[in-house]
Amino acid sequence: MTTAVDEWTELIRRADYWRRSPASAGGRVGHKEWMHFCVVTPDLHLFVNFSLMDQARTGEIEIPRLTMLARRPGGRWIGDVDRSDRAHLFGGDPSISWTNATLSFGEDGFFLEAGLARAALRAKLRFRPTSRPALTSSIPIGGGETMKWLVVPRLEATGRVEFEGEVVELASAPAYHDHDWGRFEWGGDFGWEWAIVLENRATRPWTIVLQRITDRARGLTLSEGVLLWRGAEHVRTFQGSRVAFDSAGRTRAAGCLRVPRVMRLASPGSSADLPSRLSVVADKAGDHVEVDLALHDVAQIAMPDDVGLGNTIVSETAATASVRGQVAGDTIDFEAPAIAEFNRNAA
Amino acid sequence: MPRSFGKILDESLRHIRRDVPDAYARLSALLGAAPVAFEVDEDTGVLEFVGGGHRFASTGDGFRVRVETDTQTLVELVDADLSIIEALRRGRLHLRGRAQEIARFDDALHAFMAGAIRSRGTSRLLEELRWNMSGAEDRV
Numbered sequence: 005m006t007t008a009v010d011e012w013t014e015l016i017r018r019a020d021y022w023r024r025s026p027a028s029a030g031g032r033v034g035h036k037e038w039m040h041f042c043v044v045t046p047d048l049h050l051f052v053n054f055s056l057m058d059q060a061r062t063g064e065i066e067i068p069r070l071t072m073l074a075r076r077p078g079g080r081w082i083g084d085v086d087r088s089d090r091a092h093l094f095g096g097d098p099s100i101s102w103t104n105a106t107l108s109f110g111e112d113g114f115f116l117e118a119g120l121a122r123a124a125l126r127a128k129l130r131f132r133p134t135s136r137p138a139l140t141s142s143i144p145i146g147g148g149e150t151m152k153w154l155v156v157p158r159l160e161a162t163g164r165v166e167f168e169g170e171v172v173e174l175a176s177a178p179a180y181h182d183h184d185w186g187r188f189e190w191g192g193d194f195g196w197e198w199a200i201v202l203e204n205r206a207t208r209p210w211t212i213v214l215q216r217i218t219d220r221a222r223g224l225t226l227s228e229g230v231l232l233w234r235g236a237e238h239v240r241t242f243q244g245s246r247v248a249f250d251s252a253g254r255t256r257a258a259g260c261l262r263v264p265r266v267m268r269l270a271s272p273g274s275s276a277d278l279p280s281r282l283s284v285v286a287d288k289a290g291d292h293v294e295v296d297l298a299l300h301d302v303a304q305i306a307m308p309d310d311v312g313l314g315n316t317i318v319s320e321t322a323a324t325a326s327v328r329g330q331v332a333g334d335t336i337d338f339e340a341p342a343i344a345e346f347n348r349n350a351a
Numbered sequence: 010m011p012r013s014f015g016k017i018l019d020e021s022l023r024h025i026r027r028d029v030p031d032a033y034a035r036l037s038a039l040l041g042a043a044p045v046a047f048e049v050d051e052d053t054g055v056l057e058f059v060g061g062g063h064r065f066a067s068t069g070d071g072f073r074v075r076v077e078t079d080t081q082t083l084v085e086l087v088d089a090d091l092s093i094i095e096a097l098r099r100g101r102l103h104l105r106g107r108a109q110e111i112a113r114f115d116d117a118l119h120a121f122m123a124g125a126i127r128s129r130g131t132s133r134l135l136e137e138l139r140w141n142m143s144g145a146e147d148r149v
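These protein sequences, in sequence, are chains A and B. No gaps in the numbering here: position 245 of the first sequence is 249 in our numbering, and each next residue is one more. No gaps in the numbering here: position 80 of the second sequence is 89 in our numbering, and each next residue is one more.
The reader is advised that the hints may include incorrect statements.
To be verified - Straight-line distance between alpha carbons at most 25 Å, and here's what the computed DMTMM-like set of lysine to aspartate or glutamate pairs gives: (1) A:LYS152 to A:GLU173; (2) B:LYS16 to A:ASP184; (3) A:LYS152 to A:ASP47; (4) A:LYS36 to B:ASP52; (5) A:LYS36 to A:ASP310; (6) A:LYS128 to A:ASP219.
As the list claims (entries may be wrong) - For each label pair, taking beta carbons as the anchor points, the in silico distance ranges come out as: (7) A:GLU168 to B:ARG64: 42 to 48 Å; (8) B:ASP70 to A:SER280: 50 to 56 Å; (9) A:GLU173 to B:GLU20: 42 to 48 Å; (10) B:PRO30 to A:PHE115: 41 to 47 Å; (11) A:GLY147 to B:GLU48: 32 to 38 Å.
Since the hints were made in silico from the structure, they are not lab data. Keep in mind it's a predicted model, so treat the numbers as computed, not measured. All C-beta atoms, glycine included, are put in the ideal place defined by N, C-alpha and C.
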């Protein structure tokens with residue numbers, strides 16, 4: 005008998021494969037692609053990102069990078085970005101590996117084993133999908149470019165994370181995975197705000213994804229939405245004029261962890277243009293939801309812009325979400341740890 | 010035999026000139042009239058930009074800024090284990106020159122870094138600096 009997990013596993017196997025750069029087969033340079041995993045618990049925020057990105061300036065294609073960030077209570081962040089010379093891809097599924105980084109996929113879900121060369125952070129985790137994967141339509145990001153996004157909104161992470169000598173054991177911890185790809189330029193006319201809220205309770209927990217893509221000046225919204233899952237089931241998407249983002253306050257970023265570490269020297273500005281609260285209100289056909297994120301502290305991933313000599317900063321913030329509403333016949337009222345991410349120009 | 014800092018700097022500038030010409034042009038514009046003397050470990054020289062390119066002189070007195078440091082400090086700066094301000098405070102980095110020339114050098118350092126992080130081969134050169142540093146430790 006085929007179970008829901010079997011079905012999702014087959015969907016992931018068929019849809020969540022590395023698209024690869026067209027340049028690897030003689031096409032255009034400029035492809036960007038990454039597979040992103042997050043674990044969100046009160047004791048640990050973990051980000052592991054496997055990426056393959058072209059660098060059009062030098063003609064390099066599919067540069068493999070492993071980005072890992074982790075946060076313990078009190079705002080202790082560690083992490084780094086390790087670049088490799090070459091990735092081994094196995095074709096037709098999410099598996100990839102290079103030195104100190106392995107991602108494989110099988111009947112038990114994703115298996116990830118990764119560690120950083122110059123930061124005391126290692127993870128050995130299995131991610132078992134507990135929700136149906138979804139492939140979005142192309143997301144416009146300005147300049148006629150689009151990004152594709154495949155999401156497995158909720159998984160259970162089991163295994164261990166080594167954080168500066170401390171071992172954090174995880175058993176069915178709330179986790180999230182997405183896979184993004186497209187041909188666009190860092191520093192292009194776009195920015196984004198994105199957040200994931202993972203309620204942690206035994207039965208039918210809520211998973212909420214917020215996203216807003218704007219032009220670089222943030223005067224024009226290109227797309228925005230609030231997506232809700234109850235347990236494994238996608239129950240509502242709020243979009244467009246039915247969604248209102250608001251922000252207030254300021255999260256201090258001066259002196260925060262910025263990776264790769266060389267970017268602290270190459271991009272020394274504080275890029276402090278981050279709120280301390282991000283609120284989203286959405287309603288549609290009698291359903292409504294309010295998500296209020298209190299942002300605590302931040303670590304940043306810095307990338308050289310593809311055009312010009314500036315830099316792009318992606319800020320990962322640890323947050324606590326307060327969620328209220330009425331959706332699909334259920335009353336929502338809970339608090340949960342969350343992650344909010346901001347893509348901005350470096351200051 | 011480890012290569013000197015000057016040789017590694019020369020190779021990194023060649024990478025930047027080829028891969029990131031806008032960064033190299035900015036460096037050239039900033040330092041064209043302001044040669045920089047450096048002393049890193051026991052390697053000394055003067056870097057100047059002339060005629061759209063760069064060259065090194067073993068000595069010279071026409072420099073506007075003088076930089077003194079060591080390989081370990083450079084590696085710690087690149088790894089963000091040390092900030093430029095901390096390095097200056099701790100006496101591990103010395104910058105000598107008029108204030109406006111130091112400010113110009115700071116702009117040039119940012120242009121150099123903008124080129125270095127975009128060019129091929131820079132990470133290998135950083136590993137070479139690390140290797141030089143560990144070699145120095147081994148020799149001690």
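Hints, one by one, checked against the model:
Taking the CA atoms of LYS152 of chain A and GLU173 of chain A, the gap is near 33 Å; set against the 25 Å cutoff, the hint is violated. Our distance criterion of 25 Å between C-alpha atoms is broken by LYS16 of chain B and ASP184 of chain A, whose separation comes to about 41 Å. For the hint pairing LYS152 of chain A with ASP47 of chain A, the CA-to-CA distance comes to about 31 Å; that exceeds 25 Å, so the pair is violated. Our distance criterion of 25 Å between C-alpha atoms is broken by LYS36 of chain A and ASP52 of chain B, whose separation comes to about 41 Å.
At roughly 12 Å between alpha-carbon atoms, LYS36 of chain A and ASP310 of chain A fall within 25 Å of each other, so this suggested pair holds. Restraint check for LYS128 of chain A and ASP219 of chain A: not satisfied, since their Cα atoms lie roughly 38 Å apart, outside the 25 Å limit. GLU168 of chain A and ARG64 of chain B have their C-beta atoms about 46 Å apart, which keeps the hinted 42 to 48 Å range intact. Between ASP70 of chain B and SER280 of chain A the Cβ separation comes to about 53 Å, which falls inside the hinted range of 50 to 56 Å.
Distance hint check: the CB atoms of GLU173 of chain A and GLU20 of chain B are about 47 Å apart, consistent with the given range 42 to 48 Å. Roughly 44 Å separates the CB atoms of PRO30 of chain B and PHE115 of chain A, a value that falls within the hinted 41 to 47 Å. Remark: the range hint 32 to 38 Å for GLY147 of chain A to GLU48 of chain B is contradicted by a beta-carbon distance near 47 Å.
Hint violations for this structure: numbers 1, 2, 3, 4, 6, 11, all remaining hints satisfied.
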